[in-house]
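J.: Take the two lone chains, each set in its own frame, and fit them into one complex as the hints suggest.
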Amino acid sequence: MRDGITNILVVGIGGQGVMTAAEMLARTALSQGYDVKKTEVAGMAQRGGVVSSHVRFGPKVYSPQIDPGEADLLIGFEAAEALRWLPHLRPTGVAMVNTLRLPPPVVSAGLYDYPTDPIADLAAAGIEVHAFDAGALAEELGNPKLVNTIMLGAISEHLPFPAEVLKASIVEGFRAYKPKLADVNAQAFDAGREAGHARATTHRSAA
Amino acid sequence: MSAVVQAKAESRHLLSGNEAVARAAWEAGVRVAAAYPGTPATEILENIALYPDIYSEWSVNEKVAVEVAIGASLAGSRALAAMKHVGMNVASDAFMTQSLAGVVGGLVIVVADDVGLSSSQNEQDSRYWGRFGHMPILEPADSQEAYEMVKRAFDLSEQYEVPVVVRMTTRVCHVKAMVEFDGERIEHRAAGFQKNPQRWVMTPANAKPRLPLMHKRDRKLRELSETSDLNVVFPGGDRRIGFVTAGPAFMHVRETFPNAPVLKLGFSCPPPLEKIRAFAGQVDTLVVVEETELLLETEIRAAGIAVRGKDILPRFGELAPSVLRPAIKPLLGEPWEVPKRSQTSVFPRPPTMCASCPHLGPYFALSHIRNLNIIGDIGCYTLGAGHPWNALDTCTCMGASLSMAHGMDKGRGESDEKKHIVAVIGDSTFLHMGMQGLLNMIYNRGNVTVLLLDNRSVGMTGGQENPGTGEDLHGLPAPRVDFAKLVEGLGVRPERIRMVDPYELPTIVKLVREETRMEEPSVIITNRPCSLTDRFERLQPYAVIDDQCTGCGNCIDLGCPAIFVARRETVTAKSGKSKELVFARIDANTCTGCHMCVETCAPEAIVQPQPQNRVIRIQPHA
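Going down the list, the sequences are from chains A and B.
Reminder that position 56 of the first sequence reads as 56 in my numbering, one-by-one numbering, no gaps.
Reminder that position 484 of the second sequence reads as 484 in my numbering, one-by-one numbering, no gaps.
Looking at chain B on its own, in the form it has when it is part of the complex (with noise of 0.2 Å):
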């Protein structure tokens, strides 16, 4: 077991923000977390799942999480879901609903946004939802405010019967930062469901007296806002500038103007305005900065107080010391200029599949065929797009590819009337939201080949189990879904549901060939394992014999990280064409033995140099 998972009160530890919210779950006497992995948030479950008081799961998608964290509360247990930024999108049906009728047991939802968007495929703010759903947030700048606040945000959604949003964003949640802890579990008992037909059916005529009493609950959340010591002025003897500001985007600002007052609001919605109107009248000039859209400053000024803040400052990325300086100096009458550095121009070196990827078979098969359009989901399969594949022609957000492919299927161009229209989707993305979709393309008798490649894991994410992988959180073994058999009762025809060894190049260039000439729907499912999870079975690596290697370059576009150039020659052909040739070399270190590679070589030149006494082949997955 962990060693903070042990740890007593007043002991000090290097903790990541995900793990101190772990933390702070189990001393809060969480009784159920739910989550969907999602970069930067996915650790806060996997550090629940360190507790045994704690029944924690990975649900299906973040809607789930939250449902399952509202039944919970209504049975009187603390509950919290975890999600990045994008799977509050997801789940905002059932909080938008829950915040109006209310929660029993404290309800938090730890939102992590991907501010500067390392691994996502949008920046958006979070804050609106404390707003659109008349939430309050509390916002930690480092580790240990995220330990207390999410400890005070369960007693305030119990006090005030609402779900509260604790708004992370990267630079808290992968922060390893020094939290002390000041407690141990407190036990929250569960008194059991109350039956209210009027307080949890949420029928017009039981959700329309809850409006005036959400809007009064506002209004006391406000003055609380107001009252917080979550909401802290550090004083500052250069009162030329004061700062409003909220999250790590504090610590840069201290950082950068150490001597400026600050307004640090911890509790940010409802703003603080009257506090905020006090604190603007000690200092000349007001700026909020705030990650990432203007919201604080369109509602100070509202409140009718002179602010600056996106007037100078972008609105989006972080906003780093390196982003502050240049912005704000010049307001200080302190021109900045940018310091003279050394420049480098360094290659880029964009994130690739690994070798023996099962994703590289199906990639080599798309993009050796030609009149198709791709269209793609979120997962590792998304680097298809890069090189040298180019073979996803679209990501949009999860579970997206088999709708929109029946979307361009049904409102085709002339120019698309010869292609045929793919969808790539992962197992996971699959469960989490894109079974809908194939429901749909199947009821409304659509025409799109689906490729469902099941490695069994969240890949992107590091690796995490879903129900398609027959193990949970806790590694312990769960019923695992059958995919033909699902996507059989979803209407696909038998005949049209193929099961594909990835690895066998051949096979699976041929069956994506057959399938998209057919006149309905297919369904190509892949069946090997992540190569970076403990399931993958790493064989002896293969090496090119150079006398017998032709240069033809088509292991190369296999895309395998292990395989590399050795050599280039120029060649004329008898018809007086000149000619490049690519000479591979395999990395010995990186190649697993997955023999993808092998498939791609006429003149057989890749070998196992010593062969093993026994063969083993990786068994793909039923």
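So that you can see chain A by itself, here it is in the shape it has in the complex (with noise of 0.2 Å):
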């Protein structure tokens, strides 16, 4: 972090719920008394293409643009998605991503190769990488819809300010408009934050 400014990537698919988690980040920043942007392109995202999301929150923001090398913190929804957006984090950043493999009709057509492991690139690229299944976990919880909630527990112990206000402000705008998904998203982020401390490390297990 410089000048006091947190920068977080937030990357994936379209549809994947990329921008509500950026949202819910920038909200909670809000809160906090920070000064936030947040931006985005995703004109054309909505088909399935790459969603890239930049939130940025400080005591006083600019450019909502993170620059490549300035992120501190890169949420990658999918696994090659994250390793896409990985010149964006700076050395000392760190990647909370979820391992699911989405590899678009090019690849399952043959023209382009899905990365065997990006876990492993990322790891090798010597920054900090956690990853899991947030799917499975989603799938035990019983709603898929929940991997939102699970990367944002992840990341959670990221931020600059504690980890129970970001679950705070999930939890009460679930309670203030879908009441009945509350608890299970205050469930889902604990499990994230659980899930999120896997660190990954350049050698897969031999397991």
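Everything labelled a hint here was simulated from the structure, so no lab data went into it.
Nothing here was measured: the structure is a model prediction, and the numbers come from that model.
By construction, the Cβ of each residue, glycine as well, lies at the ideal position given by its N, Cα and C atoms.
Among the clues, some could well be false.
[Claimed, not checked] In silico negatives: residues of chain A with every beta carbon more than 12 Å from chain B:
1. D133
2. P160
3. E164
4. A168
5. R175
6. D190
7. A198
[Stated by the list, open to error] Below, computed lysine-lysine pairings styled on DSS-like, alpha-carbon distance capped at 30 Å:
8. B:K8 x A:K60
9. B:K410 x B:K485
10. B:K340 x A:K60
11. A:K145 x A:K180
12. B:K220 x B:K208
13. B:K220 x B:K275
14. B:K510 x B:K485
15. B:K329 x A:K60
16. B:K220 x B:K195
17. B:K340 x B:K310
18. B:K340 x B:K329
19. B:K329 x B:K310
20. A:K178 x B:K8
21. B:K216 x B:K275
22. A:K60 x B:K275
T.: In structure tokens, the structure reads:
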């Protein structure tokens, strides 16, 4: 973090909830008294394209964009997307990655290859990488849409404000608009927070 | 209702630039607002629609939207029209003359430039329109400024009786930032239309006397720009370079060179040249940072002020800090090396059509028929140019498919003699600017086969309504155009108007073949809703029975993102030729059960694993 500014890049594919996760981070930061800017390029992203959402907060934020090499945190909703945005991360940055693999049609058709192990590639770059299967956790909790809250839970201990603040902000949001989902989202947050501790290494485990 | 709509003065909100414009329009007492959807401006009207005090509509195109706003202004109401940059081209006929005649109720045109070209067919700089149309331009740099400047724009418009342009870019429209409201709605009553033919009937005799008045107004606006508090100097201790900038580029400059003096232009047209001259005198080198063309730079140089700009900065794309640093650091004698970072090479992930998209059927047909020149248009179906269809040969502007196809027919080259010309256009684009092309083709006895892909939605911008959907901006029932009757009315013979269910692949392939062979214009109209809208009904997903899949790959050719390659095998046929087999699998989470792929599968390997008790078929719309 430089000039007291936190730069978080949330990446994935259209429809995965990337923009919603970024919005939650931005709103929570705002509630903590920070100046906040959030931006994304999403024009055609709804059609299965790449989505990246930039969240910046601190005492005063000018440019809404995170430059290459300037992100403190990278939240990847898909493994290869996290790898795509690796150059945006600082050498001291942290990547929190869902191990989900979503090959696009061009890969399926054999025109391009999906990286064999994007998580290992990320770890090999020397950054701090945490990776886990957020989809499986969401399934366990009974709702695939919980991936979003799980990923936020996972990153919550790397933020300049307490994890509990982000959790409260998410759960209260659900309590106000979709009360039935409040409790399960609280569980999802905790599950993500726990899973986020898993540190990926350059060597795949032998197990 | 949205929390922002009910919010009181002095409350703070995280808003996009587009949301901020909507709130400002409400506070400013706007009574009429109109737009045609277009990225990145779409959400302006969607948000204005949340305010019940404002009459708002999706107009059929941007010219109509501006004309609606002009009419409201002449009735004395404050009015707003919003559009993306290319929409300004369409609207320009209206405002170029109205700017001469002037306005009564405040008239503000909000235009959003797609700087960086994320979702458009070109990148253009709308600031030219201010010069061309003699209209002042305000340029917000973030949501707070968008909120404040839209309100200022209405006062300015009424005071100088001129349409005012608020020029946004993607990095204002789609950036969420804090906005503090300083007021609530102030009603501006409409005085009613005051007849005055010399003023409002722009015949040559009436328009001519307006010309000197317009130029007088320009001079007054120039004086105003010199003293406007929207043109502010941000002092800085490092005076080696002073920046003149506007819009989001200001944010990037401030971020990159926090100690440099900056003259930020909020009222950027006409530019405050004397203020710039004075500022230039206080710094060693004046650098203009403007997105995207060299416009201010040219004007500043013409005023005899030494300036740098596009000699070191790019003339296209965003001027983000990562662009500014390498361009400007050398000017300070501080060479800038791009820091070494890990480089990654990941496959591209281009936007693609959705599972059960009703455009998949027509493109499957077009990709299987030879000897076609396929003239395209603006919409999701432009993706037909990509993999795996490769079945779209041009895309220029809204509505161009029909007229360009007609021209290609009339101007056939030798190599095209045996080719059939096909135009592909969507429902909303057809209503926006396409029907004129069809009328022209009929009138001039052309021969083009038109695929009118009616998915009851403005798909690419997020599923907005249009006159063909049966609903309006507010989701209320609205009269719905009958496309078959419409094209018949334009002169297409009833026999050549073919309604087709785009999911019935054999039918659509047969129809396209038949109609392209006809020696007269035909219109093939599809009738399934966009699968991302509420009109689409999701059914039980299909699956591939492994043992029955023969690896023919036909279903893959459909281009449905729910169908994946499970494995590939190379086999040698009896003839000795080797052949690649492609075995498919269907992702159950993505498949919506549209059954299109079933039609491509001869061995009947694609099935619904657990047949439902009752069979629901998605009903095509009438």
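J.: List, from low to high, the hint numbers that the structure doesn't satisfy.
T.: none
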